[in-house]
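Positions 802 to 1257 (this note's numbering) are the ones given, in order, by the sequence shown.
Please keep in mind that the hints were generated in silico from the structure rather than gathered at the bench. All C-beta atoms in this analysis are idealised placements derived from N, C-alpha and C, irrespective of residue type, glycine included.
Listed next, with one range per pair, are the computed distances between beta-carbon atoms:
{"no.": "1", "residue 1": "S1118", "residue 2": "D1027", "range": "28 to 34 angstroms"}
{"no.": "2", "residue 1": "N1079", "residue 2": "R933", "range": "25 to 31 angstroms"}
{"no.": "3", "residue 1": "N945", "residue 2": "D1128", "range": "56 to 62 angstroms"}
{"no.": "4", "residue 1": "N1079", "residue 2": "P1205", "range": "31 to 37 angstroms"}
{"no.": "5", "residue 1": "E923", "residue 2": "T887", "range": "51 to 57 angstroms"}
{"no.": "6", "residue 1": "Y1212", "residue 2": "S1005", "range": "47 to 53 angstroms"}
{"no.": "7", "residue 1": "D1128", "residue 2": "R942", "range": "50 to 56 angstroms"}
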Amino acid sequence: MASEIKPQNGHQTERPLSFLGRHLNWTIIALIVLLLLCAVAFFWKSPLFCWDCAIDAGRWGQFGDFVGGTLGTFLTFLSIVLLYKTFEAQREANELTRLSNAQIDEENKLQVEWEKGRQFEEKFHTLLALYREAAHAYKDRNGNPCTVDEFVIETLTVCEFNNRDKYLKSTNAACRTFFANVRGSLPTINTHMRLLYQLLSLLSESELDEKSERVYAKSLRGQLSDMELVLIRYNCWRKVGENMRPLVAKYNIMKHLPLLNLLEYRKYTEMGGGSIPNDYIGLLSDELVLWRREISHLFKMACDTDEQQEQVMSYGSLFDVKFSVSDDCRDYEIMLIQKKNSKVGIKDEVAKLLFDISDEDMKGLLSEFHREVFDLANFNEWNNIEDLEQSEKPTYGSISIEHPSGIRECYKRISFNVKGNKPLNVSYYQVEFPKAEPQDDELVAEECFGNESIID
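Could you build all of it, start to finish, from the sequences and the hints given here?
As structure tokens, this is what we get:
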């Protein structure tokens, strides 16, 4: 795994005294030649190869002093140069060792992270396999093996539910009714749900980066069927499912929850005496999922940009649905505009379905859908968190149905709004990165100029 250590740039190899290092041999030759020239000059008038001549001790002494002084100085200088070059080579070696150790440390960290990721992935897929196995351990009312989808559908079918209380009371009653009809299967349900809780806990405690965590969450969410979501929803509303609520909300497990399959929405369908045909329950549930996604997106954009956000979804030439979120995320409005009083020639199935829903059912459906978005989808936590200053329960307005005259292509207009004294939270993103409270001008001036602070 180790790789070659290379200098960070070309100038790293340039060192002081590099000229002398490149021409050291020529320097030595020049000094030798200089010494020879000095010797010739010194002995110029002395007899050469005269073996009978007496030795001139004075002259040789002077010559020895000259050679010793010159050569000693040169050798001293040369030793200094070599010592410096030794220190420089040692410094380079130390730097290369440091870089090598740093690279080895980095590779070790990557190896540790890779090993953690491998262990997490192994645990995740093991738990996921156990979860899928538990989803096939159910039995129907005759004791025959069935899937979790078949089990939930059968249970919803046999449940007698006509509660028309307000949404929260109706949801609690639906939860009690559902589990009253599955008492014999509670051990199977509890095992199934505990495995899901273990999966979500493993993901939450994994220390994965945000992108990887989101990929795993989407992978898990994509494997949950509509009926599994119904079961998870009711399980979380039980006392024993309280610990699962924050994790289900965090990873948006209820994103594709088919609302109209819930017992508390039965009153709006034909089987409960409402105006929504049973065959169109799935179609409208899917459309409400898209509405909720659009609302979450608009709140995120308003939170990030501090600008008002609006979006219009058109259904043929019959309906427009306009969503609006204020720049401070405190005001939300939906407006359902019916352009004409006939569906003749309309091919859009959703438009025709919206046309057929009675005004009374539409008012109740819009009201409870938004209670779901702002409260129940996050189990009454995100807009009522004690330790989050930017949190407060929202105020729901009344639904207005008007037949304005003089407005082109507006036969009927249904509007509904939600307000809050603090920013409304509809997604985990807003809870994790809450919108800052606005400050008055005096406080801003004091912080900017009096305390020399910077306000983001």
